[in-house]
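J.: Chain by chain, the residues run as shown.
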Amino acid sequence: MSRNNIVIGIAGSGGDGIITAGDLLMKSASKDGLFVFMLKSYGPQIRGGESSIKLRMSQNPVATQGDKLDILVVLNWKDFPRFKLELLLEDEVVIISDSADKFPEEDIPIDKNKMKKWYKIPIAKIAKEASGTTQSKNIVMLGIISELFNLPKETLKKSIKKKFDRKGQKVVDTNINAINAGQNYVINSLEKIDDLVFEYKKNDPRIVMDGNEAIAYGAVYAGLEYFAGYPITPSSEIMQWIAKFLPKYGGTVMQMEDELASINAVIGASFAGKKSMTATSGAGISLMNEGIGLASMTELPAVIVNVQRGGPSTGLPTKTEQADLMQAIWGSHGDSPRVVLAPADVEDCFDTTILAFYIAEKYQMPVIILSDGFIGHRKESINPERIKSKKSGFKKINRRQTPNEEELKDYKRFKYTKTGISPIAYPGIKGGEHQTAGIEHDEYGFPSSDVDIHHKMTFKRYAKYDAIKKEFDFKRFYGDEDAEIGIIAWGSTKGAVKEAVKKAQENGIKIHAIIPQIIYPFLTKSFKEFLKKKKKVIVVEMAYSGPFVRYLRGFVDFGKYNVKIYPYRIPGGAPFTVEEILEQITEVVKK
Amino acid sequence: MSRNNIVIGIAGSGGDGIITAGDLLMKSASKDGLFVFMLKSYGPQIRGGESSIKLRMSQNPVATQGDKLDILVVLNWKDFPRFKLELLLEDEVVIISDSADKFPEEDIPIDKNKMKKWYKIPIAKIAKEASGTTQSKNIVMLGIISELFNLPKETLKKSIKKKFDRKGQKVVDTNINAINAGQNYVINSLEKIDDLVFEYKKNDPRIVMDGNEAIAYGAVYAGLEYFAGYPITPSSEIMQWIAKFLPKYGGTVMQMEDELASINAVIGASFAGKKSMTATSGAGISLMNEGIGLASMTELPAVIVNVQRGGPSTGLPTKTEQADLMQAIWGSHGDSPRVVLAPADVEDCFDTTILAFYIAEKYQMPVIILSDGFIGHRKESINPERIKSKKSGFKKINRRQTPNEEELKDYKRFKYTKTGISPIAYPGIKGGEHQTAGIEHDEYGFPSSDVDIHHKMTFKRYAKYDAIKKEFDFKRFYGDEDAEIGIIAWGSTKGAVKEAVKKAQENGIKIHAIIPQIIYPFLTKSFKEFLKKKKKVIVVEMAYSGPFVRYLRGFVDFGKYNVKIYPYRIPGGAPFTVEEILEQITEVVKK
Amino acid sequence: MEKFTVKDYKSKIKPVWCPGCGDYGVLNSLYKALEKLQLPPHKTAVMSGIGCSSRLPGYMGTYGFNGIHGRVLPLASGAKMANPENTVIAVGGDGDGFSIGGGHIMHAARKNIDITYIVMDNSIYGLTKGQASPTTPLGITTKTTIYGNVGTTFNPIRTLIAYKASFVARIFSANIKHSTDIIAKAIAHKGFSFVEVLSPCVTFRGKEQYDYFREKSFIIPDSYDPSNEVKAFDYANDEDTLELGIIYKKSRPTYDEALEEVRIKAKNDGVPSKLGLLNNFEV
Amino acid sequence: MEKFTVKDYKSKIKPVWCPGCGDYGVLNSLYKALEKLQLPPHKTAVMSGIGCSSRLPGYMGTYGFNGIHGRVLPLASGAKMANPENTVIAVGGDGDGFSIGGGHIMHAARKNIDITYIVMDNSIYGLTKGQASPTTPLGITTKTTIYGNVGTTFNPIRTLIAYKASFVARIFSANIKHSTDIIAKAIAHKGFSFVEVLSPCVTFRGKEQYDYFREKSFIIPDSYDPSNEVKAFDYANDEDTLELGIIYKKSRPTYDEALEEVRIKAKNDGVPSKLGLLNNFEV
Ligand SMILES: Cc1ncc(C[n+]2csc(CCOP(=O)(O)OP(=O)(O)O)c2C)c(N)n1
Ligand SMILES: Cc1ncc(C[n+]2csc(CCOP(=O)(O)OP(=O)(O)O)c2C)c(N)n1
Ligand code: SF4
Ligand code: SF4
Ligand SMILES: [Mg+2]
Ligand SMILES: [Mg+2]
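Chains as they are written, first to last, in this note's numbering: chain A, 438 to 1028; chain B, 438 to 1028; chain C, 124 to 406; chain D, 124 to 406.
Fair warning: there could be bad hints in the mix.
To be verified - Among the chain B residues that face chain D by a calculated CB cut under 10 Å, a handful are:
#1 Ile613
#2 Tyr654
#3 Val657
#4 Ala665
#5 Gly710
#6 Pro860
#7 Gly865
#8 Ala874
#9 Phe883
#10 Tyr902
Said to hold, decoys possible - In the EDC-like style, the derived pairs of lysine to aspartate or glutamate whose C-alpha atoms are separated by at most 20 Å in a straight line are:
#11 Lys354/C to Asp348/D
#12 Lys970/A to Asp919/A
#13 Lys130/D to Asp847/B
#14 Lys397/C to Asp788/A
#15 Lys590/A to Asp632/A
#16 Lys557/A to Asp516/A
#17 Lys973/B to Asp994/A
#18 Lys373/D to Asp363/C
#19 Lys825/B to Glu784/B
#20 Lys137/D to Asp879/B
#21 Lys397/C to Glu543/A
#22 Lys354/C to Asp357/D
#23 Lys846/B to Asp131/D
#24 Lys372/D to Asp348/C
#25 Lys521/A to Asp887/B
#26 Lys388/C to Asp363/C
#27 Lys639/B to Glu405/D
#28 Lys166/D to Asp887/B
#29 Lys166/D to Glu523/B
#30 Lys135/D to Glu542/B
#31 Lys372/D to Asp361/C
#32 Lys521/B to Asp460/A
#33 Lys893/A to Asp847/B
#34 Lys354/D to Glu338/C
#35 Lys893/B to Asp788/A
Hints were generated in silico from the structure; no laboratory data involved.
C-beta atoms are modelled at their ideal positions from N, C-alpha and C, and glycine is treated no differently.
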């Protein structure tokens, strides 16, 4: 049966080159203009450990990496069990393994009836013969599956050439021989026992990014001038990308001694007038709560990225979770306003980051971007034209407002205004000399413990929310507006929800989904619109304590709208599957 | 007109000995068995700055320091304006000032008609004559008001003797002369122009404590063995009290380099098997979020006191606010269970602290006590018998459960159990050797990134909440159960709410108040009982962002109970007055 | 060209320090040092943490930032590195700097970030009303050491030398002339300059602290050569005397110079347009 | 009396370190040192922060605590001071100890808390896959120093001497015999003992790091006298060689001894019953 949408999984040991194989497959498919998703997974070892990739390629737009595998490739069976949850199998799955790799019957968690279509191929042997080393078995394997299932072939070779080019012609040849050997083996000595064939039309080449790269690029695109950070999984790649590219544009990147230093350095740089950002995760964001409060109090723009990981404490550093939502909103002591945004996919990481700088600079407050390890490390193929076209589409990427001649005559850094926004002067601006402080202060910035002033200043700092609520609206909806069943989720959960909604509609279920990008302040008006027709709303989140549903209820009296809530909150670790969301929908329909 | 309930305010400069005068008044009244409250207030200077006290003494039980002054004493008019909000005046207020102290007409915020009863007395002169120094004018002043209004006189002299005893007989005599001079002046040369007379019956002597002392004492009483902390206003007195007394019982107190160190030292000590605690405020608690998450993950008992102050950031260090509630619940990254308790008055600080140790040790998790600067520094007279009698009243102050012979054979520190509680072994217990970790782990404590295990362990850690909800109920209610109007508040707001409810009832308003002591986990069952008859519920909190009302709505669907919520949320600084709460009640009644 | 006088460096508000507090001397020496160097107030930022001493920026007519406890060095490093044209002066107390902030000094020092760090050391926590600090002498009773302090003292000068700070000095707040001179030299120094100030807390350490500092301290003779770190380390033992002046000084490239090198290297790899960066994601 | 062997100090799980990682050598030396000292596993706690090196406690048959990044010293100080009968060993990496944890060392050292602190220094962040650490040499390219590291290195030994640590040593993970001996001496030392381990990261610094350490390091001759802090400071300059062995050692009272004094003083003021404490609130 020919298909234009296929999900492939590959697992093996450290030496097997699983990741390389995945990257090559990803690139070749993207070159041919396909929609591609890839997830990687590793064991606890830093090196020499087992690893797996899961890759989906599709002719038409898709929003997830797919639930189950159509094709499973195993280069080393003993490594498979660790990935059983990452690599779920379709009933009709086609399995490919090395005939030389003994199959440890009992401890492999695959039920027999899924093993009907199983190719045992002497992959290592073929590699040895073709290239003189078994090392190239990952490439041979690519040759085999590309031939067997008609995956992109030409572009695969192009990708191989490009990858090994700098290692010299010899290495390139070895690998080309390897891929040919794999393809020839299929043509000459293999009889196809399955009917799975991938068919697609070439399209304009797409580019490949993961969420962390998209945030880093988005920041530089938005005019980032100063970055301070401290490495932490799964966010480190953001600093690493910026450290490579920002200096080209005269920007400054500092690896600090810890996250307390990072956030304070960012605030110092913002005080100096520069667009500033930091990125972290898990424990790192907990350490920044005090500093984020300082940014609130001093009303200085700052963008803080939290690529959420599994918690609590050190938790599951390499796995994803959505349990930092309430902390992002309420994590600092005192009444400490900030804005919280959540990107929903790789491309949205780029958009959200630009929006974050826009809001931070305009409204003079910290803006937290809540990404997570799932989209942070997920590779997607993206249409470069869309990013180029956005250029104009975005709100003018502006800078904070500075005081004019008139205002400098008797400069009040924290002047009471209707919007709560008062122009900032920074060192270099003559006449703008002033004191800023984390301690409560008067309009000039001088310390004050006067109760009246504290009240007025608190109102000023929160007045900005009204302005923000006026400026923005929820934009991301799926399904039919007038459905009585609604579903709300946030961040990386979007993909599964979007596809589940589509499937539900195919099954004749009327449903309407909303995925906010601006999480806090809560755009009440806009949300009430959404609720109007709803009778039941499913709230999906990857956090057992249910921060999202608690948050929503805290700001919306669902009872008043006669809307019943159905929370679906589970601990993190593995991304949601489309199927499990669909299940929730179908069940709630019945209720 | 004779009264058995009176509110006195005294303001002056650094040298005037205002605080000493207040302490003496507080002690004398307590000695006579009266109900006494005293608040102190200071200017920004560390020394030599202006200060004021507000003191209420009453024959019968009272819950607050009183809204407005019946008597205002000013030793230095130029200092009065700063305290205008702390020292609100009754229309019939009696004013006493030094005739030598020129009155700066314009900039004194007192309206004329409140200045009808005003004694101008040569206080400094009397002092000079009686004791050879104007320094004793604060004592002379005490003589004057004690005579003029029939405040405790004998005990006042006793208190003076006790206070100055160690300074030698001469000093004692000087001060006794001073007080006599003040009293004689009233008897011989003053004509009473007001009819205010305090009348009361002596009662058994009461003791005097503030909230910080009550927490410190409660901790030592509960069996505290290890304390680590770092000074911060307004919590420092807790460490200071413990540093003085805990070593007597063989305990350990360490002043650490910061709050990160404090919380980790406390966790280390708890790991070593000891009952451990830290105390902080404001910025300090923000720095502890990461460590509190570690205690959640390692399931180690730890008591963390947060004496809330005005925020955000450094904010208003010497003023009170209730804006740390959500942070206490959600402040750490990841799903990180903890228990949050809130004391409502000075005596309750003692009870709550003992309860905190009980819960921490039994349920093996961090317990946060949310006090605030208002009760932390408020002095109250307390009946010592009640504290003695509690001894038995309290739940057995137990220790964490340790593994038995059987369990030690194959010891699983994090064994899955129905209650989520698994016995803890600590260094010294043979056979209990194990690994504990902030990283996700299996039952033995060994690191694991297995998704199943993360889910099971998350359920285990949260299972404790079910057990806690079963064990406890809300206890603190005021007013009539079957009222349709409810009012809910927490922490130090209790006093104003309790008295407002009483006044409302006197005005014929049917109302029912609840002041939870256990804030989180939320005792839903118990609260739904409260809601049954309610149609309107006022939510009172001293935090503009409304953490308490958001929190409540997050856990209770008020709409479902057809209960309308009326939030009263204002920024902090000055304690609530009974009058403003009563106003809220009256307005809501009309709605 | 405009000439700046002390009053240009003063703000509208008066210090709330206790009468006799050593920090008054530091403030005046700083005013004079800035006047001496004729630094434009609008290109100067004085930043601090939290403490009595950290209230100092509020009294400056320059840009000022009263940040959070212990974080003045990262705050100041960010401000300086974001715009090296600014003169950045970090100030604070011994608790702010050596206790909660102790983890930041070594990194600002080894990176040689071109800021001046002035620590007003009164060997006590003043603002929180008298608890022990890392420099409180053994045996002293404070609010947290009721039975006498048992924590051996921290030696700031020796530590800063070990950190490879490129300018390490000590002054006494009561000696304004000498302090002005050293602070001016510290600010003029290219690289990280550290100045420990013996600045008495009359309220919680008593007036005696003035006598103590006076007796123990002396001004370093001109004969002393501060360029050798081992000699300097030896000199700065805190058992007997307290040397006043520049104890160690050795110049090396600043962090902004180093990062400029980095930028040049990065640019040599080519500078695409922001949209041109998309090429890096092509397959 | 029961005799403990290496296997008594081993846990059920195998290290996940890369083949060739220097930390294997540290683990084995620690096993042997504990055996040498015959410390009962149930009275021994090995605690750590976060990092590859900080995974070590998981491989111990003693009590173990894998805490959070940079906080192992307060964690271990709490465990030790809460019950001084325990032997407490803190371990971690150069990032954990000198970067994020840098603020805690001076206080554990000056207070002379009787624990042993072993830092596995590979001059890189291993667990996070290869970013620069405070001890990464100038010019080295890492994931965060793409154009070469510009941060001058931190000198742990000189710093610990300036901190008044009472025992300061350095070892090389490849020399198990010498390492075992020094670690045993460090644990036996009464007071705060610091051991820097040259422990290569073959994955992110390459096998060359072994050669580099081998060439640069040498074992301190017996003739060397470690009791003088100035000589030791001079000796420990990090420009040319890396000395292996005890570089500085001077005994003084430990913090638990000091706090025992405090308890005695406190008790001398009288020890009321817990309810008797109420008298302190009488008026
Ligand atoms: C995170 C945090 N912890 C504690 C405090 C409370 N605090 C304010 S200043 C200070 C120490 C002051 O001592 P020092 O730095 O020596 O300054 P000084 O007042 O002596 O000049 C402390 C502990 C705080 N503001 N923030
Ligand atoms: C607060 C916090 N910030 C950052 C991290 C991420 N992190 C884990 S280990 C590590 C550094 C590891 O380097 P090192 O301490 O030298 O140990 P090594 O892996 O080299 O042995 C970092 C930055 C973390 N776990 N917690
Ligand atoms: S308390 Fe001490 S440091 Fe603070 S202002 Fe007064 S004298 Fe100065
Ligand atoms: S990455 Fe480096 S430090 Fe970590 S285990 Fe591998 S070799 Fe050891
Ligand atoms: Mg100080
Ligand atoms: Mg390292």
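J.: Which earlier hints turn out false for this structure, listed by number in ascending order?
T.: 1, 6, 10, 21, 24, 26, 28, 29, 30, 32, 33, 34 and 35
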